[in-house]
Every structure is written in structure tokens, then in C-alpha cells.
Amino acid sequence: MIIKGNRLKTIFIAAGLMTNWIMAMTEVGMTRIRMDAICAYQEIDGGRKLLVYTQDNSLFEIVEDITTITSKLDSEFNINQ
Numbered sequence: 044m045i046i047k048g049n050r051l052k053t054i055f056i057a058a059g060l061m062t063n064w065i066m067a068m069t070e071v072g073m074t075r076i077r078m079d080a081i082c083a084y085q086e087i088d089g090g091r092k093l094l095v096y097t098q099d100n101s102l103f104e105i106v107e108d109i110t111t112i113t114s115k116l117d118s119e120f121n122i123n124q
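End of the sequence shown sits at 124 in our numbering; the numbers just go up one at a time, nothing left out.
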């Protein structure tokens, strides 16, 4: 917020619409990952975990709801099974 004179003016700055994000439970807690930052993803441990790699070299280990998130990523990246 910026105070201009006697008025308070709110300025909204966001990293994009939240519709292009996924929310996933990782080993450190609930995490939001921007879809356009994802470079690769891989199921490990017989599908019990999902690794998601991003453009800034971050690695997220998703531990819950793997099937739903994988389906969403496959759809986003046009991967046919």
C-alpha cells in the first residue's frame, strides 16, 4: 500500500494468475509450483513420490496425490499415455 496525501492507495503486484500453479504436499509442507517454471517431472519409488524440476534448478519431491498431479502435468504438457 502507498500513502498518497490523506489517501491509501493499494497496488497489487503478483507473479501471475494462480490458475497456472499447482499446489502439492512436499516433504517440507504444502508448496505452490508455477506450471511454466517446470522443466521435467519423474515418478520414483514405484509411483509413491514425484520429482519436479524447475527452470531455476529447484527440485521438489511431492509425496501426496501423485496420480492427480501427474495427470495434470501430463495434460498441461500434452503427454499422451
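No lab work stands behind these hints: they were computed from the structure. Yeah, the Cβ is synthetic: ideal placement off N, Cα and C, and Gly gets one too. Warning: the hint list may mix true and false statements.
[Said to hold, decoys possible] Heads up, simulated DMTMM-like pairs for lysine to aspartate or glutamate below, C-alpha to C-alpha not over 25 Å straight-line: (1) K115 with D99; (2) K115 with D79; (3) K115 with E104; (4) K92 with D108.
[As the list claims (entries may be wrong)] Cβ-Cβ distance ranges computed for the label pairs, FRET-style: (5) I87 with K115: 17 to 27 Å; (6) G72 with T111: 10 to 20 Å; (7) R77 with V106: 14 to 24 Å; (8) S118 with T97: 17 to 27 Å; (9) D117 with M68: 26 to 36 Å; (10) D99 with M66: 28 to 38 Å; (11) D99 with E70: 24 to 34 Å; (12) N123 with G72: 31 to 41 Å.
Comparing the hints with the structure gives:
A distance of roughly 21 Å separates the Cα atoms of K115 and D99; the hinted pair therefore holds under the 25 Å criterion. For the proposed pair K115 and D79, the alpha carbon gap of about 13 Å is at most 25 Å, so the pair holds. At most 25 Å may separate the alpha-carbon atoms for a hinted pair to count; K115 and E104 meet this at roughly 16 Å. Among the hinted pairs, K92 with D108 is consistent with the structure: their alpha-carbon atoms are about 9 Å apart, no more than 25 Å.
Checked against the hint of 17 to 27 Å, the C-beta distance between I87 and K115 comes to roughly 18 Å, which is consistent with it. Here the CB-CB span from G72 to T111 is close to 18 Å, well matched to the stated 10 to 20 Å. Distance hint check for R77 and V106: the Cβ-Cβ separation is about 19 Å, which falls inside the suggested range of 14 to 24 Å. Distance hint check: the CB atoms of S118 and T97 are about 18 Å apart, consistent with the given range 17 to 27 Å.
Separated by about 19 Å at the C-beta atoms, D117 and M68 break the suggested range of 26 to 36 Å. Between D99 and M66 the beta carbons are some 19 Å apart, a value that contradicts the proposed interval 28 to 38 Å. Against the hinted window of 24 to 34 Å, the Cβ-Cβ separation of D99 and E70 comes to about 19 Å, which falls outside the hint. For N123 and G72, the hinted distance range of 31 to 41 Å is satisfied, since their beta carbons lie about 33 Å from each other.
Hint compliance for this structure: hints 9, 10 and 11 are not met, and every other hint is.
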